[in-house]
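Protein sequences appear in the order of chains U and Z. Each residue of the first sequence is one higher than the one before, counting from 1 in our numbering. Each residue of the second sequence is one higher than the one before, counting from 1001 in our numbering.
Hints were generated in silico from the structure; no laboratory data involved.
25 Å max Cα-Cα, derived PhoX-like pairs, lysine-lysine:
1) Lys619/U <-> Lys1243/Z
2) Lys617/U <-> Lys1698/Z
3) Lys617/U <-> Lys1242/Z
4) Lys243/U <-> Lys1582/Z
5) Lys1242/Z <-> Lys339/U
6) Lys1243/Z <-> Lys582/U
7) Lys1617/Z <-> Lys243/U
8) Lys1243/Z <-> Lys339/U
9) Lys243/U <-> Lys1619/Z
Remember, predicted model here, so these are calculated numbers, not experimental data.
Each chain, letter by letter, is given below.
There are 2 protein chains.
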Amino acid sequence: MPVYMMWGANTDVGKTLVSAGLAAATKRSNRLLTFIKPVQTGFPEDSDARLVVWLTPSADSCLFGHAVTDAQLHTAVLAGLNDAADLCHQHNLPGITFVETAGGPASPAPSGSLQCDCWRPLRLPAILVGDARLGGISTSVTAYETLRARGYDVPVIVLAAGSHARPNRDAIQANVRAETDVVVLPHPLPALPATKNRTALDGALQEWLQNCAPAFDALLAQLVRRHQQRMILLGEAQAAAKKNFWWPFTQHSTVLQDSVTAIDSRCGESFAVYQSGNKSDTPAHLQMQYDACASWWTQGVSAELQPRLVSSMAYAAGRYGHVIFPENTHQPALDLAQKLLDGVGQGWAGKVFFSDNGSTAIEVAIKMAMRKYKHDRPGIIFARSPSDPGTLTQAQTACDSHPELHVIGLTNGYHGDTLGAMDAVAETPYNNDDQTPWFQSRGLFLQPPTVGLAQGQWQVSIPSEMWDFVKRHARSQMHDVQLTFPRREGVFGQRQDVQDAYAAYIASHWQQHESGRPVRIAACIMEPVLQGAGGMVMIDPAFQRAMAQHCQQHNIPVILDEIFSGIWRLGHLSAAEMLGIKPDIACYAKLLTGGMLPLSATLATNSIFEAFQHDSKLKALLHGHSYTAHAIGCSAAVTALDLYTDPTCNPNLREPDQQTPSLSLVSLWDDKLVDQLSRHARVQKLTVLGTVFAAELKTEGVSGYGATEAIQVAKDLRLRGIYARPLGNVVYLMVTPTTAQETCKKLLQELHSVL
Amino acid sequence: MPVYMMWGANTDVGKTLVSAGLAAATKRSNRLLTFIKPVQTGFPEDSDARLVVWLTPSADSCLFGHAVTDAQLHTAVLAGLNDAADLCHQHNLPGITFVETAGGPASPAPSGSLQCDCWRPLRLPAILVGDARLGGISTSVTAYETLRARGYDVPVIVLAAGSHARPNRDAIQANVRAETDVVVLPHPLPALPATKNRTALDGALQEWLQNCAPAFDALLAQLVRRHQQRMILLGEAQAAAKKNFWWPFTQHSTVLQDSVTAIDSRCGESFAVYQSGNKSDTPAHLQMQYDACASWWTQGVSAELQPRLVSSMAYAAGRYGHVIFPENTHQPALDLAQKLLDGVGQGWAGKVFFSDNGSTAIEVAIKMAMRKYKHDRPGIIFARSPSDPGTLTQAQTACDSHPELHVIGLTNGYHGDTLGAMDAVAETPYNNDDQTPWFQSRGLFLQPPTVGLAQGQWQVSIPSEMWDFVKRHARSQMHDVQLTFPRREGVFGQRQDVQDAYAAYIASHWQQHESGRPVRIAACIMEPVLQGAGGMVMIDPAFQRAMAQHCQQHNIPVILDEIFSGIWRLGHLSAAEMLGIKPDIACYAKLLTGGMLPLSATLATNSIFEAFQHDSKLKALLHGHSYTAHAIGCSAAVTALDLYTDPTCNPNLREPDQQTPSLSLVSLWDDKLVDQLSRHARVQKLTVLGTVFAAELKTEGVSGYGATEAIQVAKDLRLRGIYARPLGNVVYLMVTPTTAQETCKKLLQELHSVL
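Bound conformation, chain U alone (with noise of 0.2 Å):
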């Protein structure tokens, strides 16, 4: 059924009376009318239902007359919206609804904020009644920029007759989509009725209605005709999807059309969904489903501070679109790389680099850790890799001498997909020569203990392996070596004598790794704290703290690769300040822009930047792309940065104390709920961190990305409108670092039911 929002460019454009003529010509057109008018405050003067109310008694929905959240509003417009449903059902006829909000587009809702911000998460198509009069050129165009800042569709802009109607809609026409159609009534608008009684419509207006009767039956069938468009264009959309697309990370062959998600807008934390429906019973419609994979994890702001990100992307765009950054400086950029250095780098870092994602900031990391460990070994002369295989035997003579640089991780790592990063990496049924013959696994990378929540308890595992080192290492025998722990604090205590053990382990392999071969370790590289694409893995932070320590003893480069763990994914502004690790080199991106664009910042130490000071500009970093510090990401970057710490958005945030000493996430997740699922037959463990809530199913069989157990449990979360997506044998929910608590227990419930 079509829906749409009335709004008035101005106060006193004739709001009301173009709902009269809608509300008259539906009902001529023998179409079920449902008229709206949720909120009826004091202002502006045009608020006045009755006129509409007179002519459809039935559909008087005045909600609301008084101060009332944004949710009620929703809720009410969304039952009135069903009703009307229903009612088109019983009576097997066609149907409209018109909502009518009050004032401008602009103008506080009951709840305060502004009702284009208030309505947004319906957002329906807008009827835009735009000003007539002089300088109603202004007042309509700007009323239609805020509509559309919003991501409303404004499919007419209608004007009433007056001397400065024709100006004004050629003027409006040329400054506003080619699919906005601006409509001129052919009459002037009459002077409203005094009287409030509701019988006694006058004269005047009913003449009004009548001589624009045509005019309004036609605006009604385009009305009719858009919503049509709408939907068939949504209908079509997954077949164009499949027809055309080729999706990332993605088996095409195993996708159905049926499947495909098509998504008609994002509003904060959810997204509408289009749902085909069935002809017989459900109609095709919209449904709103959480983000619960936050998009790859990026997102960042609930509902109500994506309008302040677009607006901070809006004025850079229009301020600067892009400008070309080498030797060159503007404010959004100056003023991140000002924040990153304060916050995120502070206490180590000395220098941003931006880049466009978090592959390219993972290059760009290891070409600086390279150059840093080849700058401080002046002495040696390093082998390139053999880039003739016909010249193999040459090359592995000059390897014997010169040795290849490596780099030492953990396995189950990710960094990203583009050579350089899964070069780092060990091999993965991601990450193969199946997937590029130029892949080469070129380092150390030592399968890490874990962390993870199973039964009420924080439980440490230590690989077969590792164990006798932590037996040999350890102060204490290895019975008291503790590795359940109450609470994730004790994880993350002082626990000197597993870290020296690891730290042993750590230089043991490190050792066979170079011994006897022309390799030598060069940078070490990780993601701190939680491995995300590995399985949202939580590695025991002494380890990672043994791992850091070890290398910068001996002046090898620490990386963290902060992409996915940075930017309070994790409940703090970075994951290296869990750890109590400063890094050499880290990387930023997903949450850094708040959820929008991708933008992404690698950051070093002065130490690292000065081994590129050369006279030669060969001996720079040669490393750039097009866009560079864009200053549209850079802008929604430096807003997201202050939402996200901004105690009047996020309610989330917890002062500092004796325990904490710096800013941080309270606990999102409700503890019982947790613990509940902690003990869950068919949960292996939990990792709970920040934003971050992922259970490992226990699996039959096949484990790992061959498990289908997640993917069952995602499908019937999606039922419950939560969007879920598997990750091998794990099945994530994941927030927004201002995401309401409520809003994560109720995710735990709906998990908790579908397991």
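Given the coordinates of chain U, assemble chain Z onto it according to the supplied hints.
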């Protein structure tokens, strides 16, 4: 000197009265006032300057009362600003200037463009006189948002007193940025005097001005302070940039702080650059510079089109932000994919893979091509790169029977800075194991014949070692092979004899490369027509045709890197179209989003796509980035692609005719000047293609990247307001596809004068 532009949120909000109040305050402060009211149209009614004029009779600068172009207005206002500055200098007094607009931000200027667009090139900070009446929150906020989306700073919103002033103030303040101060004047507006008599300001107004004097004094002081803050911020930008940024492709040790370019804003093809001036004569100011490097070859639209891109991005940001892409769809991605397949992909491409930048688009392309190669040769087992230098000998053994996969390409190529893209080119100073020890040139790279315009003739230069082949294979004798052409079309014409010779050359080298070695060429990758980073070098089309034909005859996928050459950069939708090549895979970025933000697309044939179809997910193309197909970028791209081909937006479109059977751009560069420059003593040769004009300078001694001649020319151009960047010994001018030919002519004239 502080300069502010006065805007009204609506008619009758008291803009002129606020001007009058500020004028009086200026008088009291012993500053020199300049008041400019450039547009005096019939509406809106409050656009009457007589009040302010009465107060400051010398400042009557109503420039035009009739329709003029935006450019004329700018010139006039700039002249007024200069006069004001001169006056202050003469009297050795501080000054302030107000420029009053007519009507609201979106009221039309005399030219018909919206005033917010018309005045955008000046980007003067705005004083917005808000609406203190009922309904005024909405009109004030929407006016503010429209100004902000054009990149205006709005330090102050002024509201007249009235019954709604306080609630309006609070609501407006809550919905604008913190740096915007919403100020309420202490007294209600007086009624405007009815008389036009300049000397007869009526008592009510006088009284109001007197009562509000302290408020206006405070407002003036605030405006002066905000101006100073802005200049301080700009003045400190160079130092902050030098301290915090790690620029791409930059040897920082050679960048002096003073030479850092602080960019205040962009307006279409130009940006405003901060000039610190010197204390005695020239104060700090902003200077417009023409962005002749097109910000690393990204910029796509002239100034008047920038708001359209902004609007489309703001809508997408408001509607979607970003939503996860795999197995999903949203309208901007669908629209963009369709446009690409119907455009650059027409006749060959079947699928679109999105990623973030040119480099990632290339990595994806290589993965696609290599898989296709292997898929089509199921019997062969391919070697993997030796993953362990300790086992090189075994690897070598394996290689003897299992070939390693290489690409074929051209010397001097460039495809990006991630490792996979780097490995696909020949070694250059930019691309070696010093940059990353992991670099390994993996292919056969042939030095191609090139083309340049010298002495008024298009000349093909054939590398010396290719001569023999041309001699042997060309049907005619050597002296009959045409290598000089009066027109560029000649070079692009069918030159079968030369092409056959090239083909033989390619086949011979190919055979040599594979012969007796465990190496197979599995893909061709090249930049069609023009190598950008390699120095704006035009390749002989016959050579690239021979290369593509030879590869496709042997079922070797051809990748065209159209990141630079594609999307109208060379005057055609794609360079493939110019060559008449149908690639198997092609990459697009840069101009794709109109110069706004990073987004790239890798297009492939359905046959390439089919090579990834399998029961197993592990056989899918396992490559992706978090923000794949981000809606904001897709929307910008859809809009940009439309703008390029919309005759109402792009003055350079040339309808198809027999000679050029598809849409193309007219020749942008003045023929006569081009001819002159091709004969210039300092010019070796020119490349003139579409939006690109490049001059290779004659060098003494060092050539290539080490040459310094172009550096000086670029410096000289900057002094003339043209922001050029040298590229080795090449200096180039690059415009947008929509740049006026008049602008191109001026650029050439300036280049001519500095040569």
